[in-house]
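Protein chains in written order, with my numbering: chain A, 26 to 384; chain B, 8 to 129.
A portion of the hints provided could be inaccurate.
[What the hints assert, rightly or not] Capping the alpha-carbon separation at 30 Å, the derived lysine-lysine pairs in DSS-like fashion look like this:
1. B:69 to A:44
2. A:377 to A:329
3. A:382 to B:69
4. B:17 to A:377
5. B:17 to A:382
[Claimed, not checked] Sample of chain B residues with no beta-carbon within 12 Å of chain A, all distances over it, derived:
6. 17
7. 42
8. 59
9. 66
10. 67
11. 70
12. 95
Honestly, the hints are just simulated from the structure, not real lab data.
Beta carbons are placed, not taken as given, at the ideal position from N, Cα and C, and that holds for glycine.
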Amino acid sequence: MENCKRTPLYQTHIKLGGKMVDFGGWALPVQYSSILDEHRAVRENAGLFDVSHMGEILVSGKDAFAFLQLVLTNDLTGLMDNRCRYSFICYENGGTVDDVIVYRKNEESYLIVVNASNTDKDFEWLKSHADGFDAKIENQSADFAQLALQGPRAQEILAPLCEGELPEKSYSFVEELAVAGISCLVSRTGYTGEDGFELYCAANDGAALHAAILEAGKAFGLLPCGLGARDTLRFEAAMPLYGHELTADITPREAGLGFAIKVDNKDFIGRQALIDPPKRKRIGLKIVGRGIAREGYAVLFDGKPVGVVTSGSPSPTLGGNYAMALVDACVANEERFAIDVRGRALEAERVKTPFYKRI
Amino acid sequence: MTPTDRKYTKEHEWLLISGNEVKMGITDHAQSELGDIVFVELPAVGDSFAAGDSFAVVESIKAVSNIYTPLAGAVVSVNDALEDKPELLNEAPYENFIAVFEVGQVDESELLDAAAYEAFIS
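Isolated chain A, as found in the complex (with noise of 0.2 Å):
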């Protein structure tokens, strides 16, 4: 833990008595108080994330539109500027570098958003494709410090801290907004599956706007939540994971995420073999059994290995657990599966995914 990296709020986090952890080399909390408090505060209330931990990355330049066309699976014609979207980057083979939120600033300068842990891997892919274009491509993560406040109740519990309007539709941003007297750029984006924010601002104001949206949230049940309720609230919503659902060895098109990927539209690293029909999929299980179905463990149809849970847990909104997992193609319609917990057989059911969706 002394070796890993602080974000802006790691003195935040220890004062609200977090439970530290090695994140991908980060030093974050996975918790304050309850993973699972933390969880139902983000359903039905609200609950603010530190994720300085994302990186930030600038493409600029006159070809920057063109350049990005050619490195992301999904298409930014139309996007109007202030709005944001979701892709990924592939390698040759259709294997992912990483997923990414694309802001279009403007005609000539997108910031895209990227897992941690893909931030200098991404960084170099990019500086290492951006010959011939007139694109300025700079690692501004270590610039800003961000954070996710998300819920049924962010937005009554932001505007006010707000001098100016809040993004009003998903995947639109507004840019220096004044937050609680801080510049920010706050988008309608998350990872939970709720409505929520994310802001983005100086790494020296991190601390205090964390402070000031925690003060404004204490009338409504907001919590400060951690890594772990980040991750079950992901996964009920059933949203990928880099590391789990996407790798360099799984496809975006595997992992069920056709809609971010263009082929049609135009040509990009990877558009031949995402055109293939992928060998496997990506489907839902619902255990029937007594048991958790955990990362790593082989699922199983007619007692032979056919696949493997990407991710597994128990889901404190439903109750019962469920897993995500990648399976052989041929077998992802069948309904009964199940996983080899330990040595023993674990019924599981294939249900749709999100396994929650908010009305």
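Following the hints, complete the assembly by docking chain B onto the known chain A.
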């Protein structure tokens, strides 16, 4: 407060020894480190274990944790209540055992008393 009526292991189990019968559970430190406990896999009555074997599995939201017996023996009863209420291990770890063992011989030389265990975790 660590109860002084029992012994402890460095793997954070407690043992309440009464003759050849030994009740085993997990310590307050263990449940606190695990966080919300959501599943307990109990052994079956009659199962035999060697010293150092894992006899149960306790799972929190994020972690899977094996529970080890420091003494060889056979399971004579289990705490069935944990199947429906695994959170009892969070709420009252010293009042909720996991299993009771019948052991041949109790060798306490490797076990810690309450003071030594407290020193170990501090």
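Hint-by-hint comparison with the structure:
| no. | hint | verdict |
| --- | --- | --- |
| 1 | B:69 to A:44 | holds, 13 Å |
| 2 | A:377 to A:329 | holds, 23 Å |
| 3 | A:382 to B:69 | holds, 22 Å |
| 4 | B:17 to A:377 | violated, 44 Å |
| 5 | B:17 to A:382 | violated, 43 Å |
| 6 | 17 | holds, 21 Å |
| 7 | 42 | violated, 6 Å |
| 8 | 59 | holds, 17 Å |
| 9 | 66 | violated, 5 Å |
| 10 | 67 | violated, 8 Å |
| 11 | 70 | violated, 10 Å |
| 12 | 95 | holds, 15 Å |
Violated hints for the displayed structure, listed by number in ascending order: 4, 5, 7, 9, 10, 11.
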